[in-house]
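*Asks:* Residues per chain, in single letters:
Protein chains: 2
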Amino acid sequence: MKYIIGHISPDTDTICSALVYEDYLKQKNIEAKAYALGHLNNETKFVFKKFNVKEPEHIHEIPKNSEIILLDHNEETQSINNINDLDIVEIIDHHKVKLETDKPIRIHIEPLGSSCSIIAKKYFKSGREISPQNASLLLAGIISDTLHFRSPTTTDQDKELTEKLNKIAQIEDLEKFSLEMFNAKSDLGNIDTEELIKLDYKVFDFAEGQKFGIGVMETTDKEFGLKRKDEIVKKLKEIKEKDNLQGIYFMIIDILEEEGYTLCADEEDSKLFIKLFNTEDQNGVLFVDNVVSRKKQIMPIFQQYFNK
Amino acid sequence: MKYIIGHISPDTDTICSALVYEDYLKQKNIEAKAYALGHLNNETKFVFKKFNVKEPEHIHEIPKNSEIILLDHNEETQSINNINDLDIVEIIDHHKVKLETDKPIRIHIEPLGSSCSIIAKKYFKSGREISPQNASLLLAGIISDTLHFRSPTTTDQDKELTEKLNKIAQIEDLEKFSLEMFNAKSDLGNIDTEELIKLDYKVFDFAEGQKFGIGVMETTDKEFGLKRKDEIVKKLKEIKEKDNLQGIYFMIIDILEEEGYTLCADEEDSKLFIKLFNTEDQNGVLFVDNVVSRKKQIMPIFQQYFNK
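Each protein sequence line maps, in turn, to chains A and B. Just so you know, we're using this note's numbering here: the first sequence kicks off at 21 and counts up by one. Just so you know, we're using this note's numbering here: the second sequence kicks off at 21 and counts up by one.
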């Protein structure tokens, strides 16, 4: 039995791609099961409720030497804790790569807008049948990761796949559906500050001893984050120290306006961000216009800086 | 224009997969050209002569910022010198992975017996047409890398693809063809000792400061290598020092008997090999039975040792 896992701080794309890939493998008579590495966010919960799908089980550790399939990530820092005791047999992803394996394994990485796009492509290419429920989950993953085509990570293929999937899913108004998803994602109730930061949080290992944490809050209600600025900054300082990070950022992304508001742990992190993104400190907030994608607009700039 | 390149010390699989992939991309209206990073070996030359195919141009440096496609390798140490100035846009390979990218790129890695198998699969899956000439080149790559199915890297898919390809290529006796290839590979004339070591030579970066060079000579005439033992060992010492390697090995693989004879630069390298492969020193030669594959039988043992 193979374990299919998405990344920690799971989002809609990682959960839906893993779950639908379980079905794809089942159709190939390969026994596999999808698990979530943590609680689903409110957007993902909304999607599962809307389409009447059972949420995948949570898992925190996988038995030693088990075979695992990584969906929507490939870096150790974003995966299950005991990954070094496990046998990675396959990777499907749409992110940059930082990877070392002992032996040749099956890897399919494509620079599409979502991992759900890659899974959808696999169905269409192989002619396997997609149920309306699975088509809906794949659509949700594409819409979530591309911010319904607002993100610069969007490709023509994502749009074509969305059209083909919706012939099966039959969602009447996709823009309305996407706004419902974004509002669900923005409805964070009385979320605890650390949970807020870690909602969509990744640690990147840019170079030896240069670990950076970058959390993103994609929202239609930026004030929810901005008004909690002081407690967020305090918590960022704590996480930075506890996890021995070189830097840590929390970016509030206004999905509809396509704007980013970044909070930093301290002066040092703030200085680096201002330098890299040519912005300024406005009362503890670093504003960047037209920046919505950590992957396409934030990460490459950090990566280039550290590769110099 | 994209540059398609195989690894340095090119072999039949790396050259044939790159060249045929040029045709595949052409059929997709993508402009690309295959190049060889060094001289073709005698086996590859035999194949090109037999099927009347023009050898790809050699190249040693590619203009800065050019787009490149890596065939049959993914590690920097096995690629073109100025790889850090180039833009890797795609990787097709069947080896273990050691890779870091700045951005998401297209990666297709599959644990098949050869890169030519992956290219063949792409044609059959997409329904694109393979010319008899290209089918012959793909067959040559599969047969060369799997030692005509003798290597433990061989998969059922390699055998199936060989059968499908030969319906197009129409090579009358594949076993006879493979022996012709192996004999051509073994016919090394008055080759210089360093060239002999570097015929199929790769440097692996096992860990910080733990670079190992491993050269392989697959042959039907092991005596050709064994009788030059003393000069080979002397040259191994020189390369080890010049390239600042932690260790260096030269393995003479008897294709037909499926046996390996390893030569080492010094006592230190010899000790490690004896420990890892549970063998003994017989007059400066370390014999291992049933070991023909660097990738499947040698590399994983080194890798595991250094990951401990």
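Careful: at least some of the hints might be erroneous.
No copy is singled out in the list; a pair is fine if it fits within one copy or between any two copies.
[Unchecked claim] Each computed DSBU-like pair below joins lysine-lysine, with the alpha-carbon atoms no more than 35 Å apart:
hint : residue 1 : residue 2
1    : 74        : 257
2    : 123       : 69
3    : 184       : 145
4    : 22        : 141
5    : 118       : 22
6    : 46        : 291
7    : 242       : 123
8    : 145       : 295
9    : 257       : 123
10   : 53        : 254
11   : 65        : 123
12   : 247       : 123
13   : 316       : 231
14   : 179       : 257
15   : 22        : 145
16   : 254       : 187
17   : 84        : 295
18   : 123       : 196
19   : 291       : 84
The hints are simulated quantities; they were obtained by calculation from the structure and are not laboratory data.
*Asks:* Which earlier hints can't be squared with this structure?
*Replies:* As far as the earlier hints go, 1, 6, 8, 10, 14, 16 are violated by this structure, in ascending order.
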